[in-house]
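Protein chains in written order, with this note's numbering: chain A, 1 to 274; chain B, 1 to 333.
It is possible that some hints are incorrect.
The calculated lysine-lysine pairs, modelled on DSBU-like cross-linking and capped at a C-alpha distance of 30 Å, are [to be verified]:
| id | chain 1 | residue 1 | chain 2 | residue 2 |
| --- | --- | --- | --- | --- |
| 1 | A | LYS270 | B | LYS329 |
| 2 | B | LYS225 | A | LYS246 |
| 3 | A | LYS246 | B | LYS155 |
| 4 | A | LYS247 | B | LYS325 |
| 5 | A | LYS247 | B | LYS117 |
To be clear about the criterion: a stretch of chain B counts as covered by chain A if any three or more of its residues have a C-beta under 8 Å from a C-beta of chain A, and this derived list gives those stretches [said to hold, decoys possible]:
| id | region |
| --- | --- |
| 6 | 37-48 |
| 7 | 188-202 |
| 8 | 310-320 |
Everything labelled a hint here was simulated from the structure, so no lab data went into it. Here a beta-carbon is modelled for each residue, glycine too, at the ideal position from N, C-alpha and C.
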Amino acid sequence: MKFVVCMKQVPMASELPWDPKTRTLRRDLAEGMMNPACKQALELALGLGQKEGAQVTAITMGPPMAEEILREAIAMGAHRGLLITDPALAGSDTYATSFTLARAIEIFCPDFDLILTGCHTTDSETAQVGPQLAEELGIASAAYVDEVTVEGGTARLRRVSDGFLETLEIDLPCLVTVNTTNRSPRYVPLSGLEDAFGEVNILSVGVADLGIDPALVGADGSPTRIVDVTAPRSGKENVVLTGAPKKIVEELLERFESRISGLIRQDIRKSDAR
Amino acid sequence: MPAQRPEIWVFGDYRNYFQNRVTLQLLSRATDLAEKRGALVCATVFGWDTGEWVGEYIAHGARKVYLVEDRRLGRYSCDLYVGLMERLARRYRPEIILVGATSFGREFAPRVAKRLKTGLTADCVGLDIDENGLLVQTAPAFGGNLLTRIVTPQKRPQMATVRPGVFREIPHDHGATGEIVRIDFPEDMPPDRVRLVSSERTLPVPRHLGNAEIVVCGGRGMGSKGRFRNLYELARLLGGEVGATRPAVYARWADEDALVGQADKHIRPKVLFSFGISGAIQHTAGIVDAGFIIAVNKNPKAAMMKMADVAIVADAHQVCLALIKEFKKRLRA
Ligand SMILES: Cc1cc2nc3c(=O)[nH]c(=O)nc-3n(C[C@H](O)[C@H](O)[C@H](O)COP(=O)(O)OP(=O)(O)OC[C@H]3O[C@@H](n4cnc5c(N)ncnc54)[C@H](O)[C@@H]3O)c2cc1C
Ligand SMILES: Cc1cc2nc3c(=O)[nH]c(=O)nc-3n(C[C@H](O)[C@H](O)[C@H](O)COP(=O)(O)OP(=O)(O)OC[C@H]3O[C@@H](n4cnc5c(N)ncnc54)[C@H](O)[C@@H]3O)c2cc1C
């Protein structure tokens with residue numbers, strides 16, 4: 001059996017490398033980590049892979065430093081890693097990202113049985129890449145999965161979806177997006193550990209290696225475009241507001257409306273500002 | 001045959017109707033957008049025996065309902081619904097498709113967008129039309145610490161998902177009328193590749209203080225039980241929970257469960273409102289992981305005011321009332 005786990009490197013939650021001058025994310029400054037849901041997808045793949053004797057390939061698309069999470073994946077028990085890195089990929093939305101991942105899988109793991117992704121990331125957290133990757137590959141998928149077992153060419157899945165506990169069956173090959181619920185740690189056999197410390201099997205490729213027309217990826221190949229990003233005020237400023245309660249509240253919501261909108265996930269901006 | 005007037009479609013997500021009003025909320029927002037765009041608000045309904053929803057959507061703002069009714073659609077199926085939406089959208093070419101960010105919608109919408117070769121913005125907290133007629137989609141990122149505005153300049157339809165509770169539904173209008181466009185279930189539709197073996201309702205996860213993203217905390221400075229009660233109103237408006245200091249619990253203004261402080265009474269909200277609380281260490285030990293803190297106290301020197309992002313020097317009760325009033329106004333949009 002062959003499993004593919006897609007994973008993304010995200011900035012460590014504790015520090016948000018926002019550059020207020022250039023109004024961009026300083027990803028170069030951020031300490032990166034394996035996105036938590038991707039780690040759960042990997043845990044699930046490795047646990048299931050041990051039972052089924054599967055080969056597990058970890059794939060990430062990102063800047064060169066994203067290789068770190070492939071090394072981590074291999075240390076955890078993945079057999080090989082594929083880094084897709086190319087300046088042409090910068091600014092890819094989920095449409096272009098899933099397109100690129102699909103082309104890489106078709107070339108480097110065409111005979112996959114199961115693809116696992118995280119349900120969402122902690123940075124842009126769209127939860128769109130998994131389902132769109134399944135579409136790109138023309139395979140069935142299920143999102144927010146908690147458990148997977150494989151029986152004679154069929155995956156049996158459990159998940160909770162909109163208040164229903166569901167058991168589903170999908171014929172392989174298929175794709176699942178894995179929920180963030182913690183999985184119990186696996187027993188890692190000694191041979192696995194030895195492999196992890198031996199030769200690290202990571203391949204790095206660019207768009208030309210994947211036969212991709214650069215116009216189809218990156219910002220150019222992305223249907224969505226980011227107009228702007230509203231920055232938080234970094235750190236605690238300890239703004240002191242005094243005066244009449246009504247005026248204070250107006251001032252509070254005026255100054256912090258974007259921030260509060262984001263935090264409460266409701267738009268409290270005055271309609272003319274929307 | 002694309003429609004004459006641009007159309008804004010809302011996906012009819014009718015499962016869990018009584019808890020999940022997201023479709024009605026989207027119809028309401030779509031009505032505002034349609035006014036700016038000179039567009040028509042439409043709903044899509046896929047299912048079996050769906051008359052109830054069709055009527056409900058018309059009463060809540062849909063002027064046209066695209067209805068596919070067939071026994072094979074008797075249960076929610078991502079595969080079939082994606083296939084239907086793709087076909088309908090190719091035929092009628094809506095300008096915008098809005099989908100509720102339920103678990104189902106989050107799987108459905110990305111796949112539809114991919115098939116239609118268009119963009120999708122996740123979890124919008126704001127939707128508007130700009131001067132060029134483009135849909136401007138505002139979405140949070142990094143756990144709500146950033147807000148992004150996103151557009152889909154070239155491709156159509158423009159697609160967005162929106163979490164339940166972001167927009168307010170418009171009241172039910174019995175007199176509203178709408179056109180119903182019935183479409184036969186296509187006989188060449190590929191079968192569902194996902195087999196549902198079993199499905200049972202789960203008990204809803206109770207919301208509690210410990211996992212709440214928004215907490216409104218009150219202390220002795222609230223002054224009375226009656227005034228403290230307004231904190232519940234504020235929390236309800238924001239979708240948050242109420243916490244209390246020991247004196248407030250001892251005075252029975254709040255239940256024992258609401259106590260916030262050292263030991264097990266830890267909270268981790270993204271936003272904490274703190275009203276009339278001095279900031280004793282036994283209390284602040286429980287809020288070290290709080291994100292954005294807004295504190296209200298008459299005394300600017302109170303410890304709680306020093307650890308706040310915004311320290312409001314005023315009467316806690318008055319500020320609470322003013323916040324309720326202002327949020328009510330702003331959240332109605
Ligand atoms: C602030 C901000 C907002 C954005 N909003 C949108 C938006 O609304 N719509 C849009 O289309 N794009 C958006 N983008 C672009 C989007 O972040 C990228 O396309 C990103 O590469 C994937 O999206 P995600 O992080 O949301 O992944 P998700 O879809 O949340 O990720 C789910 C899973 O997909 C897999 N995966 C995701 N990315 C990769 C990768 N690079 N390599 C390998 N596996 C991966 C992982 O298994 C991951 O757990 C936004 C970007 C920013 C910076
Ligand atoms: C062993 C032990 C364990 C404890 N555990 C906890 C615990 O888990 N949780 C907990 O909360 N406490 C705990 N306490 C109690 C704690 O020490 C403090 O007494 C308590 O937190 C104070 O609550 P408070 O801020 O509501 O009241 P106060 O300290 O009396 O503060 C009231 C504040 O309200 C302000 N105020 C007054 N009127 C107004 C007004 N009209 N408008 C605005 N502001 C006004 C005042 O300026 C003052 O700052 C514990 C104590 C002990 C000894």
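Checked hints:
1. The hinted pair formed by A:LYS270 and B:LYS329 meets the criterion: a straight-line CA distance of about 9 Å does not exceed 30 Å.
2. Distance hint between B:LYS225 and A:LYS246 is fulfilled; the C-alpha atoms sit about 22 Å from each other, no more than 30 Å.
3. Of the pairs offered as hints, the one joining A:LYS246 and B:LYS155 is violated, with about 45 Å between alpha carbons and a cut-off of 30 Å exceeded.
4. Of the pairs offered as hints, the one joining A:LYS247 and B:LYS325 holds, with about 12 Å between alpha carbons and a cut-off of 30 Å not exceeded.
5. A distance of roughly 48 Å separates the Cα atoms of A:LYS247 and B:LYS117; the hinted pair therefore is violated under the 30 Å criterion.
6. Evaluation of the coverage hint for the region 37-48 of chain B: breached, as 0 residues show C-beta separations to chain A shorter than 8 Å, against a requirement of three.
7. For the region 188-202 of chain B, the proposed coverage by chain A is satisfied: 10 residues have a C-beta within less than 8 Å of a C-beta in that chain, meeting the threshold of three.
8. A stretch counts as covered by a chain when three or more of its residues have a beta carbon under 8 Å from one of that chain; for the region 310-320 of chain B and chain A the count is 8, and the coverage holds.
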